[in-house]
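Protein chains: 2
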Amino acid sequence: MGERKELNSESDTMDNPGFRRGSFSSSNSSTSDEALVEISGTTLDFSMTDDVPPLDRDLGEFMSYNGEGANVPNKMMDFLEEPIPGVGTYEDFNTIDWVREKSRDRDRHREITNKSKESTWALIHRVSDAFSGWLLMLLIGLLAGSLAGLIDISAHWMTDLKEGVCLRGFWFNHEHCCWNSKQVTFEDRDKCLEWNSWSELIISKSEGAFAYILNYFMYVLWALLFALLAVSLVRVFAPYACGSGIPEIKTILSGFIIRGYLGKWTLIIKTITLVLAVSSGLSLGKEGPLVHVACCCGNILCHCFTKYRKNEAKRREVLSAAAAAGVSVAFGAPIGGVLFSLEEVSYYFPLKTLWRSFFAALVAAFTLRSINPFGNSRLVLFYVEFHTPWHLLELVPFVLLGIFGGLWGAFFIRGNIAWCRKRKNTQLGKYPVLEVLIVTAITGILAFPNEYTRMSTSELISELFNDCGLLDSSKLCDYVSNFNTTKGDQLPDRAAGAGVYTAMWQLSLALVMKILITIFTFGMKVPSGLFIPSMAVGAIAGRLLGVGVEQLAFYHHDWPIFRGWCSPGADCITPGLYAMVGAAACLGGVTRMTVSLVVIMFELTGGLEYIVPLMAAAMTSKWVADAIGREGIYDAHIRLNGYPFLEAKEEFTHKTLAMDVMRPRRSDPTLMVLTQDSMTVEDVETLISETTYSGYPVVVSRESQRLVGFVLRRDLIISIENARKKQDGIVSTSIIHFTDHSPPLPPHAPPSLKLRNILDLSPFTVTDQTPMEIVVDIFRKLGLRQCLVTHNGRLLGIITKKDVLKHIAQMANQDPDSILFN
Amino acid sequence: MGERKELNSESDTMDNPGFRRGSFSSSNSSTSDEALVEISGTTLDFSMTDDVPPLDRDLGEFMSYNGEGANVPNKMMDFLEEPIPGVGTYEDFNTIDWVREKSRDRDRHREITNKSKESTWALIHRVSDAFSGWLLMLLIGLLAGSLAGLIDISAHWMTDLKEGVCLRGFWFNHEHCCWNSKQVTFEDRDKCLEWNSWSELIISKSEGAFAYILNYFMYVLWALLFALLAVSLVRVFAPYACGSGIPEIKTILSGFIIRGYLGKWTLIIKTITLVLAVSSGLSLGKEGPLVHVACCCGNILCHCFTKYRKNEAKRREVLSAAAAAGVSVAFGAPIGGVLFSLEEVSYYFPLKTLWRSFFAALVAAFTLRSINPFGNSRLVLFYVEFHTPWHLLELVPFVLLGIFGGLWGAFFIRGNIAWCRKRKNTQLGKYPVLEVLIVTAITGILAFPNEYTRMSTSELISELFNDCGLLDSSKLCDYVSNFNTTKGDQLPDRAAGAGVYTAMWQLSLALVMKILITIFTFGMKVPSGLFIPSMAVGAIAGRLLGVGVEQLAFYHHDWPIFRGWCSPGADCITPGLYAMVGAAACLGGVTRMTVSLVVIMFELTGGLEYIVPLMAAAMTSKWVADAIGREGIYDAHIRLNGYPFLEAKEEFTHKTLAMDVMRPRRSDPTLMVLTQDSMTVEDVETLISETTYSGYPVVVSRESQRLVGFVLRRDLIISIENARKKQDGIVSTSIIHFTDHSPPLPPHAPPSLKLRNILDLSPFTVTDQTPMEIVVDIFRKLGLRQCLVTHNGRLLGIITKKDVLKHIAQMANQDPDSILFN
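First to last, the protein sequences are chains P and B.
Using UniProt numbering, you'd call the opening residue of the first sequence number 1 and step up by one each time.
Using UniProt numbering, you'd call the opening residue of the second sequence number 1 and step up by one each time.
Keep in mind that the hints were calculated from the coordinates and are not lab data.
Note that the structure is a prediction, hence the values are computed from the model and not measured.
In this list, chains with the same sequence are indistinguishable; a pair is considered to hold if it fits within one copy or across any two.
Here are the simulated DSS-like cross-link-like pairs (lysine-lysine), alpha carbons at most 30 Å apart as the crow flies:
{"id": "1", "residue 1": "K806", "residue 2": "K781"}
{"id": "2", "residue 1": "K649", "residue 2": "K781"}
{"id": "3", "residue 1": "K649", "residue 2": "K352"}
{"id": "4", "residue 1": "K655", "residue 2": "K781"}
{"id": "5", "residue 1": "K781", "residue 2": "K352"}
{"id": "6", "residue 1": "K117", "residue 2": "K806"}
{"id": "7", "residue 1": "K307", "residue 2": "K781"}
{"id": "8", "residue 1": "K205", "residue 2": "K475"}
{"id": "9", "residue 1": "K352", "residue 2": "K655"}
{"id": "10", "residue 1": "K352", "residue 2": "K806"}
For reference, chain P alone in the conformation it holds in the complex (with noise of 0.2 Å):
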């Protein structure tokens, strides 16, 4: 457990396991600063993939492709004649070059098109690959829909195990076991005959206290038993499996690289446990791990195409359209979900991009409404129908809602990253099999004896939605009924009933449990997704100040707010939209999402009419959270992990420039750079071991200072190995050039080295006095790794974007050591 790899993203070292390719002998470069990537709270030992390596490890070879032609678009090859291998390649953990990749497909779409021209086989070519984003987009829908249904059925019925069984068949579950039953009335549903629960297998008796409490034992044990289940296979098969994945996937959508984090076995573990995660009535959802599952399926069919295969840049497109099928199977909202990826996940979206996510959202969700999990042939996982519409004056309390969404929002964030932090750097971190036990047993204990938190959260979610109708059965929609004033399909507000103050009891107490238990689930070593709970949260709160306003306006339709539109006889008040607003709130305080949320809560009741309500709780629930903290809970478990994710939102909006940031700084010994002819092979192979940075600047003369050209380490490294194997002549004396033509050499002066090809001519530089505003912007916007600094026209330094995101931090009041890479 104690052992920690080097892992830098921007200096990297070369000794890293994930690096297998070029085995060159570069060795004395431990130097760096140590690091330590961490995975959704937990510390994440980098060791343990050695207990899953010939799969893990494929694929992480399988990522790591290799470059066709040198790094530096349109530049002559004319070192030798096939590519070095490994050239253009990136190691585990670094940042991708985002200019660089997009060159090397415009580079590769070139060629296609100039062959195609040749032959008909070449131009079935061109066409073949200009149709394969389509196709690899259906088959991602496909695979993301089915694996959707098939969580959904699953858990389903493992839900449903943990009261008992079907006697008809162990495999059905509780709703399909008494589908064919005779009672066939809903108020009789839970007393069909084929449905035992565990008492009644095993006493024969479903009344009275012992089998009671034989049931509650039982739900618990089955409880214990699936979270044990899971979180042993997080920890075994793969530990990137565990948290909702939205953090990560951010992180590798904005450029950076972890092998295996999309890989098979993240999916074909995530997906079991997921079930089981859900089934184990913890606190968590299905969705945010559902969006990691549909980009597992995504990267992994991108091994299909050679175009995506070979580009990180345009992987990246594909990682995005995959997480809108994501949240649109979790959903059932397509155009939510392609907002949800635009809005929260991805970095580079192109609208060639916006379309294609369209396609896979809709494929995915309609893939997932021909499995019919829900066996209600609605693609949405909520269908909500409100037959009433809202007055002006019930803005208040949603507007009330929407402070609460925030307020809520803020706390959980701040609870849930403070105990992440407790997790992190005290022994608490060091047993989470013993944790996830832990507040399994705790939730199971609590939630049994109230109805509302045994079943589960989202068939919580779906009653708390529901408008009641004249023969719902259940206890919130038990009113002292009316039927005189009844006008065909709707029903006026009426005096709540015992049923209804006795739900509302439980509620109040679900509520409470919900919240607190929240904050320690999330970030446990299993799947787990945020929404659903956030969902309930509000739900609950919005159906108990629904329920309120109701029976405030049923009892007082005289005062002079309730007059005109409250009357008595009047359906006034839907309790029901009062939880879909409290749950849009709440989704809306922790995660910050804006039109995705409302766009997905819209396309769960289909109605124009109800956005109104929604935009006013969302918009409250946003200003209010983001006054109390400005972090987003992914944002904040960005943070928290110290990812080298640079935030595409917040404006940075400090005075500082360039030359505050760069490297070196003024104490700091000089640039280390290389000249363009007159430094030897062993000059340049001392300057690559005594260093640690992943690239060097190459000066005309280091009098001059005047810039060249960039050349990666990596690069520079596997270069130099290969011409001292394959090139005559190749000695530690020889002249390394990186111009067109080799300088003129002494005479019986061994053959120089041209390494041209590897040298970027055109690496981005600013002066030392732009502004860093500008600087980020532009590492932003165009995706960079490394920024030159020139001051009139001379090299001066050298800005990474891990000198931008710590400079950042620093502008922030956070110390950019402890933040960062940590």
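Following the hints, put chain B in place on chain P, whose structure we already have.
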């Protein structure tokens, strides 16, 4: 008419009449390329604006703001205490510098934030500043919604005026007039007594040949009157009010400045002439112009808020949101509107804007609904409800419709562009009024005899989308009824009656007429949108195909392809759905919209069910149209008019380098540069008068060519002018220095003039070896005006946005000079 003003995007001359603030004495600068800016396909005569100088110019000047502080952010002002008026502003027909504008906004924000700690008043200022964006959105939504309602109501009334008048009061339209009439059934609607056709009014006869001819005559007469009024108003008061406005708005949003294009005169005239143009029966729609109207609202309301008035980049964010509000009111589709703005119109669209746009779109939609111009409380323009799901096999006709849509789109664009080019290059363009009258007359004469062309196009589309109910009396629903097989809501497929066959013939004729006349209509000097005519073409084609398939299925239900889902008595084909799919396909073919198109159509039906057919058609249509010609109609018009618009969607795929594009070329004289501390005022003034460049690089010395910064021509002229007037001792022999400290001067030399404050110390640079694809990417993503080119640290040349555009045109085998700014 022959008068041409010099307009040149990047290298503006200073004697542009649009520029009036800094009245300095630069004179000898009219040597730049002659350029003529065109609006909507006809030569725009700038001398014409002299007819409306007081107001239009006022606004123009209103839009030109004073730069508060230097244009270079974060630099101390040490030249004079107060900022020099004019420094940091733009001239008309110039491209803004996004980086500079955003820096200015951040400076402003920083200042407010810092001040807010000092006093409560400043804190309130800060809060109000933060919320001003939302307030602005609210106002835009309210104004755009109200105007859209006004336009709808007026256009309804005036369209009906062509056919007759209401006796109860001439201000009632046909529908309102007959509302209280005793004949309430739909069939008798046309016979209500209060509504008199012109023949009834004039000769008291409604039947007979003479009455028909009289009505015919009045119809055409009114149409000509409306058209004449519209084109005259446009020509006299606001030449910018013609066309759809979307190409120009795209250009403005990409950073170009066209003063007065979004001014109050344009708004007023466009609103009035839009009503007239729509009422005249021309084959045009109000949807595109509504976007222009909404953007005018946005621009005018910006003047109430300093934050937006003074910053061109911030203002463009508001305009993006206003465009969304425009589409939102046009179709009643707020989500579709936002996506349209994102996909089609906007250039720089941060996520913050997405959320605000959504708010504006929603407010606008609900404002319109509360005005309720359609009298049905529906938000959407065409409310449709289908009862039958579609069958998988129907995808074949849907794809066929997609192909038709794509072909029509490509054909329309080619035809329209060819006609517009003809209008531009021949005598035709000199008689815009005559042209409008002729087209109106032809349209009116052809339209009246056919009831499907006589009705307004949106009514036609409504009728085509409609799913025939049992009681529908329209000819399109004249089926052979067989009431025995009717089950509830669902009508089985039936044999078509005589009415349907007549309707088919009339629709076919209408299709041919619409296809041809639209080509000549779009681009005339009246406000004209394309959405509705395109949708009409597609809806007619779709309905024809739908009825065909329906009858095929009815008579041949035993064919294998129909077996199983189209048995007798089944309601299997919905011709209305075909019409809708066809409309989407044609709209997609013309505009090349994707996601926004599907979402707008989805919002019309409200059922996710029908997204798949829509998507299939939209995808096919786009592919087919793209295969024929890459550009959508808006891009084609942008290119036709030579606007400096750098398309963000198309990838630049050629292998050229920065050195191939930069100026000076090899054969040109060397680059004009300023030195940092050795040129006199006279030297600089000579340089300015001898060249027309919009800016000059500043180097350490001519020998070293090491770059120090970049200074804008305009700032330089204003500063020197200012210094000569206000600073003692500044004469022609004074040394200008851009350094921090003044250079050592010989004794008795005049004091030197320090201009560091106008020097941009952080100009963007690329190396000469940078591939152009990367340069184009940088220009797009960062919104640059120019970029300097270096080689090994030495300044080599400059690339302006115009050079990039010319190069792209050249690479696409278009003559760059005939294309741009002509």
